[in-house]
Every structure is written in structure tokens, then in C-alpha cells.
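Enquirer: Sequence:
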Amino acid sequence: MVTTTREEARERARAAAAAVTDPELPMLTLADLGILRRVEAGADGTAVVWITPTYSGCPALAEMRADVDRAVRAAGFDRVEVRTELSPPWTTDWITEEGRRKLAEHGISPPGSAPPRAAGPVPLTLLPTRTVPHCPLCGSDRTEELSRFGATSCKSLHRCRSCLEPFEHVKEI
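Under UniProt numbering, the first residue of the sequence shown carries the number 1, and numbering increases by one thereafter.
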């Protein structure tokens, strides 16, 4: 029987959870999106994984939890607990450079920097943000928004005025 240290077990659980793909953006892992917060592993074969959804009403959260549970169990853990951590809230600034590259490679404009937030409650802003996404196909900033809502609520639909191709953009949060 091969014994592992608690740290080796934690790294094994983390690697399994980090490799889980997002159900709405399957080219990205939970680690790419910055959704995976932390992982702990106990000596008793239990793994605890904390994730932060992109927003509290994210319909993909149940699927993410189930996928993390399956992946960590497949990595050799008998008991897996997936916890949701809402504070601090997720921001598009948590998307890794690798994640941004993968989005662009798949024709989705990655987000720019998230708007700055003051400490405390999230202020309600009724005015649209003035982000001008670059076309992921030709790189032009001559783009226009066609719809504030794309295939998922975290994306908007745009068209490039240079190459005339439509594309989705991940909204800055």
C-alpha cells in the first residue's frame, strides 16, 4: 500500500477539481475561470472543495458541484464535500491569462478589467458599462453590441465592423 502525505492528497484533490470544465464554457476549467477557491484533504479520505460561482444565481452551479464531486472521487477520495463560497464575490479579474487565451482561441472575446468596487454592498448601477471588446477573430476594436445577452447571462453578443463576424464577449463583473 502506498501512503501519501496530507499535502500530496490535497494536491491530488486540487488537481482533479482544477481540471473540471465549466458546463457553459467547456474550453475552460474551473481553475482557468478562477472559480476554484481552495481544497483541503483529510487523513480520513475526505476532500473539501470550495468554489465561487460567477454569480449567485448561476444555473451551472449544480452541474459544477456534481462534476467536481465525480472528479475528486475518481482521484481516490471516499467522501467529497463541495462548498459554495460567495465572499468575496467572483470577478472576471480572476480569469487566468490561460483562460483568456482559450476564450479568444474559441472566438469569444475575453473580458477587460472589472470595474473597481468599493468595500461593502455592491452598488446598483443602472447605466450600461462602456466596454469596447476587441474582435477575437481579427483583433479590431471597431465592434458593436447587438444584444446585452448572449447564449448565457455572463456573455453579450457583438459584431465586428471590420471583418463583419459576430462574436460573444464575456461581460466584466
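Since the hints were derived computationally from the structure, they do not count as laboratory data. Owing to the predicted nature of the structure, the values given are computational and were not obtained by experimental measurement. Please note: incorrect hints may appear among the correct ones.
[Said to hold, decoys possible] No farther apart than 20 Å at their CA atoms in a straight line, the calculated lysine to any residue pairs in the SDA-like style are these:
id	residue 1	residue 2
1	K102	G150
2	K102	R73
3	K102	A31
4	K171	T131
5	K102	A15
6	K102	D78
7	K102	G139
Enquirer: Could you run down the list of hints and mark each one as holding or not?
Expert: Hints and how they fare:
For the given pair, K102 sits about 18 Å from G150 by alpha-carbon distance, which is consistent with the 20 Å threshold. For the proposed pair K102 and R73, the alpha carbon gap of about 27 Å is over 20 Å, so the pair is violated. A hinted pair counts as satisfied when its Cα atoms are at most 20 Å apart, and K102 with A31 qualifies at roughly 13 Å. For the suggested pair K171 and T131, the alpha carbons sit about 9 Å apart, so the restraint of at most 20 Å is met.
Annotation: proposed proximity of K102 to A15 holds, straight-line Cα distance about 19 Å (limit 20 Å). For the hint pairing K102 with D78, the CA-to-CA distance comes to about 33 Å; that exceeds 20 Å, so the pair is violated. For the suggested pair K102 and G139, the alpha carbons sit about 15 Å apart, so the restraint of at most 20 Å is met.
The structure is inconsistent with the numbered hints 2 and 6, although it conforms to all the rest.
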